[in-house]
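Peer 1: All chains, please: the whole structure from these sequences, using the hints.
In case you want the letters, here they are:
There are 2 protein chains.
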Amino acid sequence: MRVAVMTAPGQVHVEDRPDPQIIEPTDAIIRLSATCICGSDLWPYRGVEKLEGPQPMGHEYADIVEEVGAAVTTVRPGQFVVGSFFASDNTCEICRAGYHSSCIHREGVSGAQGQYMRVPLADGTLLATPEVPSGDLIPGFLAASDVLGTGWFAAVAAQAGPGKTVAVVGDGAVGLCGVLAARQLGAERIIAMSRHEARQRLAREFGATDIVTERGEEGVTRIKDLTGGLGAHSVIEAVGTQESMMQAIGSTRPGGHVGYVGVTHDVQLPGMGLFFSHVHLHGGPAPVRRFLPELMRLIGERHIDPGKVFDLALPLDQAADGYRAMDERRAIKVLLHP
Amino acid sequence: MRVAVMTAPGQVHVEDRPDPQIIEPTDAIIRLSATCICGSDLWPYRGVEKLEGPQPMGHEYADIVEEVGAAVTTVRPGQFVVGSFFASDNTCEICRAGYHSSCIHREGVSGAQGQYMRVPLADGTLLATPEVPSGDLIPGFLAASDVLGTGWFAAVAAQAGPGKTVAVVGDGAVGLCGVLAARQLGAERIIAMSRHEARQRLAREFGATDIVTERGEEGVTRIKDLTGGLGAHSVIEAVGTQESMMQAIGSTRPGGHVGYVGVTHDVQLPGMGLFFSHVHLHGGPAPVRRFLPELMRLIGERHIDPGKVFDLALPLDQAADGYRAMDERRAIKVLLHP
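Order-wise, the sequence lines are chains A and B. Per our numbering, residue 1 is the first one in the first sequence, and the count goes up by one each step. Per our numbering, residue 339 is the first one in the second sequence, and the count goes up by one each step.
Just so you know, these hints were derived from the structure itself, not from any lab. There's no promise every hint is true.
[To be verified] Going by beta-carbon spacing under 8 Å, a handful of chain A positions derived as facing chain B:
(1) Pro-254
(2) Leu-269
(3) Met-272
(4) Phe-276
(5) Ser-277
(6) Ala-313
[To be verified] Some chain A residues well away from chain B (every beta-carbon gap over 10 Å; in silico):
(7) His-13
(8) Glu-15
(9) Lys-50
(10) Gly-53
(11) Thr-73
(12) Arg-76
(13) Thr-129
(14) Glu-131
(15) Pro-133
(16) Gly-186
(17) Arg-253
(18) Val-263
(19) Pro-315
(20) Arg-329
[Said to hold, decoys possible] Non-contacting residues of chain B with respect to chain A, defined by C-beta distances greater than 12 Å in every case (computed):
(21) Gln-349
(22) Glu-353
(23) Pro-363
(24) Gly-416
(25) Asn-428
(26) Ala-466
(27) Pro-468
(28) Ala-495
(29) Asp-604
(30) Pro-623
(31) Glu-632
(32) Leu-652
(33) Asp-655
In this text the structure is predicted, and so the values were computed from the model without any measurement. Every residue gets a Cβ at the ideal spot worked out from N, C-alpha and C, and that includes glycine.
Peer 2: Here it is as structure tokens:
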């Protein structure tokens, strides 16, 4: 099969590799007609995260089950399923508490930017739609696999809801999905922080009521100006840098909630600043599986269309162009067709 | 009046100063028959926190109102009242959300280790008992002013409650009050981390079910061993060092809650460690005023006796001996009689 492989920072190509096989009886094989590039794929692309040799890329997937292992009981070949970047058993105490991405049996997945992929712990990881959805819904389901699930977790962690003012730091696909989630969760006011016109437009479409273009200390001041000097009740952090984390914490009122999902590379949170900020801080790798039943229903019934985050579609063989477009912020999120 | 003054690290003496006066019409003057030394007073005593010149010490108080300003309506001379280390208006949006210690009008108080003190924003800050309590209850009410209120906030921030396993990092008066709070809030199992026999004994008396003497990485391993490898649901952090914060975060299961109230001096939280820990982190200066109605009722009705944290009582003039005893961990908490 064809699969995108990263060999070094900035170096992605598509090569032939053997089709994945069932290894454990709990595995499933998925056939992919659409896949995508994630903002987090840019960390190794930019050399911030170290590569351990050539790496088949991709961890977002929503497509047709090709084959299942002997122990798999909840999904069967031919079904359309969605899973997420950590396989989970969905039965351990941590999963039952809603933290599937810290499942005691969790396994990372990779190689979703290809024609087929192996998904471990298929019963716990995959959720099937009632029927195979029409093709125009596939980008939405693909978004549910990571960026929507992650933005949704951030909004829940930030306790976005009725009567709340929510600020969103980060205008990538996750931040934009955070806007959509805050709207669905009933937030009263949603302030998207973005200086990029196309992203501002999508933020408004997803439910943002205000746009703030300032960032860092100036961004914090602007959020305080918009909230009677107090700060937002809920802040979604979807970048993962020192500046963005401090911007998120500084934009939150005492007693408010920061939901952070940007992978926090090279971040050190100063104890005293955090102490006196009085915020609640929660985040980490999103337990997307917790939210899939609700998200897949909302997408299948066309209540939400998170697939709008895909603003560039390319054949899989042009994956390298897709990485470049995202790295240069020419595309919000790139869909790849194997 | 006589008041304890810190002039340099390790240097405390008691001197004569003019009696405090009403300055603002919202002030009250309190006459103190008992006062105390706080663990946080040890930060400047040990030179970790910088002193800006000679500093009248003390911020814990529970005693008789001597005089009130013209605008004060909720307390009157002769009443027994309890207040806390930040004066607050109890009416702003932040106070109404329960974060009095971040009140938009907050003011620090000082000089409680003396015969009289001025309390700003008396209506918002002070709460009176139905009648003047008998003398044996005064240590309990004095504890409510800070260490009990702070331990209680930590337990609430850590979401201690029925069915939960709670671990407590720190065996000072605040940590011990955290144990008491966790018990009152209905926690199933309470693990006190202490290697000090007298403190272990009081921890058990306050409701601890287990004692762990290991600390740092070994302490984390021990907590995991006691919780099926997962970590505690709720962890109270009542120290404020890098080691204790990392011990608290490491002892918490994914999705669990850390309530931290040790003032985080020289602490830097590593972003990646925090991200993948999946914990909820909340804390800061305790909004003691939020909890006073409930705590004062529990003390007045003799349901709890947090006054047991005082294991040394001295005349105010021997304040220096009291500081030494706490610094050398010979006393858990020192009561001073002016």
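Peer 1: The structure should be examined with respect to each hint, and the outcome stated for every one.
Peer 2: Comparing the hints with the structure gives:
1. Checking Pro-254 (chain A) against chain B: minimum C-beta separation of about 3 Å stays under 8 Å; hint holds.
2. Below 8 Å, beta-carbon pairs count as interface contacts, and Leu-269 (chain A) has one with chain B at about 4 Å; its hint therefore holds.
3. A least Cβ separation of about 6 Å between Met-272 (chain A) and chain B falls short of the 8 Å threshold, and the interface hint therefore holds.
4. With a cut of 8 Å, the hint placing Phe-276 (chain A) at the interface with chain B holds, because the nearest CB-to-CB distance is about 6 Å.
5. For Ser-277 (chain A), the interface hint holds, since its Cβ comes within 8 Å of a Cβ in chain B; the closest pair sits about 7 Å apart.
6. Given hint, Ala-313 (chain A) at the interface with chain B, is violated; its Cβ is 31 Å from that chain's nearest Cβ, farther than 8 Å.
7. Once the 10 Å rule is applied to beta carbons, His-13 (chain A) is consistent with being away from chain B; the minimum gap is 29 Å.
8. The claim that Glu-15 (chain A) lies off the interface holds: its Cβ sits roughly 31 Å from the closest Cβ of chain B, which is beyond the 10 Å cut-off.
9. At roughly 13 Å from the closest C-beta of chain B, the C-beta of Lys-50 (chain A) stays outside 10 Å, upholding its exclusion from the interface.
10. At roughly 21 Å, the least C-beta separation between Gly-53 (chain A) and chain B is larger than 10 Å, which holds for a residue marked as non-interface.
11. No beta-carbon of chain B is positioned within 10 Å of the beta-carbon of Thr-73 (chain A); the least distance is around 26 Å.
12. Distance to chain B confirms Arg-76 (chain A) as a non-interface residue, since its nearest Cβ pair spans about 31 Å, more than 10 Å.
13. Separation of Thr-129 (chain A) from chain B is adequate, the least Cβ-Cβ distance of about 27 Å exceeding the 10 Å criterion.
14. Annotated as non-interface, Glu-131 (chain A) keeps its C-beta farther than 10 Å from every C-beta of chain B; the closest such distance is 33 Å.
15. Here Pro-133 (chain A) stays apart from chain B, with its beta-carbon at least about 31 Å from theirs, past the 10 Å limit.
16. Non-interface call for Gly-186 (chain A) relative to chain B: holds, since the shortest CB-CB distance, roughly 18 Å, exceeds 10 Å.
17. With a cut of 10 Å on Cβ distances, Arg-253 (chain A) falls inside the contact zone with chain B, its closest approach being about 7 Å.
18. With a minimum CB-CB distance of about 6 Å to chain B, Val-263 (chain A) fails to clear the 10 Å threshold, and the non-interface call is violated.
19. Distance check on Pro-315 (chain A): its Cβ is at least 34 Å (rounded) from any Cβ of chain B, clearing the 10 Å threshold; non-interface status holds.
20. Against the 10 Å criterion, Arg-329 (chain A) stays outside the reach of chain B, whose nearest CB is about 23 Å from its own CB.
21. Taking the minimum C-beta to C-beta distance to chain A, about 24 Å, the non-interface status of Gln-349 (chain B) holds against the 12 Å cut.
22. The Cβ of Glu-353 (chain B) sits about 31 Å from the closest Cβ of chain A, beyond the 12 Å cut-off, so the non-interface label holds.
23. No Cβ of chain A approaches the Cβ of Pro-363 (chain B) within 12 Å, the least distance being about 25 Å, so the stated non-interface status holds.
24. The claim that Gly-416 (chain B) is not at the interface with chain A holds, since no C-beta of that chain comes within 12 Å of its own (minimum 34 Å).
25. No beta-carbon of chain A comes within 12 Å of the beta-carbon of Asn-428 (chain B); the shortest separation is about 14 Å.
26. With a least beta-carbon separation of about 26 Å from chain A, Ala-466 (chain B) lies farther than 12 Å from that chain, consistent with its non-interface assignment.
27. At roughly 30 Å from the closest C-beta of chain A, the C-beta of Pro-468 (chain B) stays outside 12 Å, upholding its exclusion from the interface.
28. Residue placement check: Ala-495 (chain B) does not keep its beta carbon more than 12 Å from all beta carbons of chain A (closest about 8 Å).
29. For Asp-604 (chain B), the condition that its CB be more than 12 Å from all CB atoms of chain A is violated, with the nearest at approximately 7 Å.
30. A Cβ of chain A approaches the Cβ of Pro-623 (chain B) within 12 Å, the least distance being about 7 Å, so the stated non-interface status is violated.
31. Annotated as non-interface, Glu-632 (chain B) keeps its C-beta farther than 12 Å from every C-beta of chain A; the closest such distance is 18 Å.
32. With 12 Å as the threshold on Cβ separation, the claim that Leu-652 (chain B) sits away from chain A holds: the shortest Cβ distance comes to roughly 31 Å.
33. With a cut of 12 Å on Cβ distances, Asp-655 (chain B) stays outside the contact zone with chain A, its closest approach being about 34 Å.
Going through the hint list in order, the structure does not satisfy hints 6, 17, 18, 28, 29 and 30.
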